[in-house]
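Residue 143 is where the sequence shown starts when you use my numbering, and the numbers rise one by one after that.
One should not assume that every hint holds.
Stated by the list, open to error - Derived EDC-like pairs (lysine to aspartate or glutamate); straight-line CA-CA distance at most 16 Å: (1) 238 to 248; (2) 279 to 339; (3) 375 to 339; (4) 257 to 331; (5) 310 to 331; (6) 312 to 205; (7) 279 to 290; (8) 360 to 407; (9) 242 to 269; (10) 360 to 185; (11) 238 to 269; (12) 257 to 243; (13) 279 to 322; (14) 257 to 246; (15) 360 to 406; (16) 360 to 217; (17) 238 to 266; (18) 312 to 271; (19) 242 to 213; (20) 238 to 262; (21) 310 to 290; (22) 375 to 397; (23) 245 to 262; (24) 312 to 339.
It should be emphasised that the hints constitute simulated quantities derived from the structure, not laboratory data. Every value quoted in this text rests on a predicted model; they were computed, and no experiment measured them.
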Amino acid sequence: MEWSKAKSILIFLFAILNIFLLFSILRTESLSRPGADYVKQVENLLESRNIRIECRVPSYSADSGSVVYGDVGIDEGRIAEYFLGLGAAGTGDDEKVWHKEGKELEIGNNIIVFKDSSPDTSIDIRDRDAVSRELTKVFQGLGMNEKDYVPDIWQEQDGRLYVRYVKKYKSHLLFGVYADFIVAPNGIEYAVIVPGEVNHTLAESEILSAWHILALSKIPENSVITDISFGYKRINEGELYDSPVWRIRLSDGAELFYNAYTGEEITTG
């Protein structure tokens, strides 16, 4: 009886030791592209927490620096004419707000916000090609190159379609440079556009691979990972640059961001 109890304790201790060694290996593994053994260890770790990956895990592991944005020229006249046509009335104060026939346009510090209470353009929101063509007109009308943007969110809910386009930089995503749209069957009801142009990069350094992020992250148990993307994001308020990050998107729409240098999760506001 005593031996049986001692054996159970030993088995438990060996299990704890194996878990400790696994985490030690995952944390101290070289930052270079992980090999098959390392990937298998991470897969086993995720499986033990019932976390499934239903997307491609990017192999990107090159050095990367932070991106610094240059000044963006916003042609207010062109934007107002596109969204509202001629004859739009301003508020008459220091705020850059225009109104016309139930439409409102506001141009702030590096942001454009458009609202239309009663759009009159018929569109089938279930037809992705038709919606894409309509949104392409917006990019072109504002003088933006639609080829610089890729669809990142495409979600239908309550009879409306929410679409987010994110700008690319060297095939990676600038998470802070985007265009959001709410499209109803009668047209675009809402748009928020945050422009941005990368001026240069600085302080290149080695980043963690996606597999290292998966090993270090505290993804909730029983999660399903639907997308893993590398890009750039402002980590701390007041910084003048965006840092390399990994984004993990879950099946419920939640997004987790991780510092690509340290693996630390980024708290987003």
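A quick look at each hint next to the structure:
Between residue 238 and residue 248 the CA atoms are separated by roughly 6 Å; this keeps the pair inside 16 Å, and the hint holds. A threshold of 16 Å between alpha carbons decides the hint, and for residue 279 with residue 339 the separation of about 20 Å lies outside it, so the pair is violated. A threshold of 16 Å between alpha carbons decides the hint, and for residue 375 with residue 339 the separation of about 14 Å falls inside it, so the pair holds. A C-alpha spacing of about 6 Å is found between residue 257 and residue 331, which places the hinted pair at or below 16 Å, so the restraint holds.
For the given pair, residue 310 sits about 25 Å from residue 331 by alpha-carbon distance, which is inconsistent with the 16 Å threshold. In summary, the hint linking residue 312 to residue 205 is supported, as the alpha carbons are separated by about 13 Å, within the 16 Å threshold. Straight-line distance between C-alpha atoms of residue 279 and residue 290 comes to about 14 Å, which keeps the hinted pair within the 16 Å bound. For the hint linking residue 360 to residue 407, the alpha-carbon distance of about 8 Å falls within 16 Å, and the restraint holds.
For a cut-off of 16 Å, the pair hint linking residue 242 to residue 269 is broken: about 29 Å separates their Cα positions. Restraint check: the Cα-Cα separation between residue 360 and residue 185 comes to about 14 Å, which is no more than 16 Å; the hinted pair holds. Proposed proximity of residue 238 and residue 269 is contradicted: the alpha carbons are some 35 Å apart, above 16 Å. The suggested pairing of residue 257 with residue 243 holds, with an alpha-carbon distance near 11 Å, which does not exceed 16 Å.
The straight-line distance between the Cα atoms of residue 279 and residue 322 is roughly 14 Å, inside the 16 Å bound, and the hint therefore holds. Distance check on the hinted pair: residue 257 and residue 246 sit about 5 Å apart at the alpha-carbon level, within 16 Å; holds. For the suggested pair residue 360 and residue 406, the alpha carbons sit about 10 Å apart, so the restraint of at most 16 Å is met. Simply put, residue 360 and residue 217 have alpha-carbon atoms about 44 Å apart, too far for the 16 Å limit, and the pair is violated.
About 33 Å separates the Cα atoms of residue 238 and residue 266, which puts this hinted pair outside 16 Å; it is violated. Among the hinted pairs, residue 312 with residue 271 is inconsistent with the structure: their alpha-carbon atoms are about 25 Å apart, more than 16 Å. Between residue 242 and residue 213 the alpha-carbon distance is near 29 Å, which puts this suggested pair outside the 16 Å criterion. For the proposed pair residue 238 and residue 262, the alpha carbon gap of about 25 Å is over 16 Å, so the pair is violated.
For the proposed pair residue 310 and residue 290, the alpha carbon gap of about 6 Å is at most 16 Å, so the pair holds. This hinted pair checks out: residue 375 and residue 397 have alpha carbons roughly 13 Å apart, not beyond 16 Å. Of the supplied pair hints, the one linking residue 245 and residue 262 holds, its CA atoms being roughly 12 Å apart against a limit of 16 Å. Between residue 312 and residue 339 the alpha-carbon distance is near 12 Å, which keeps this suggested pair within the 16 Å criterion.
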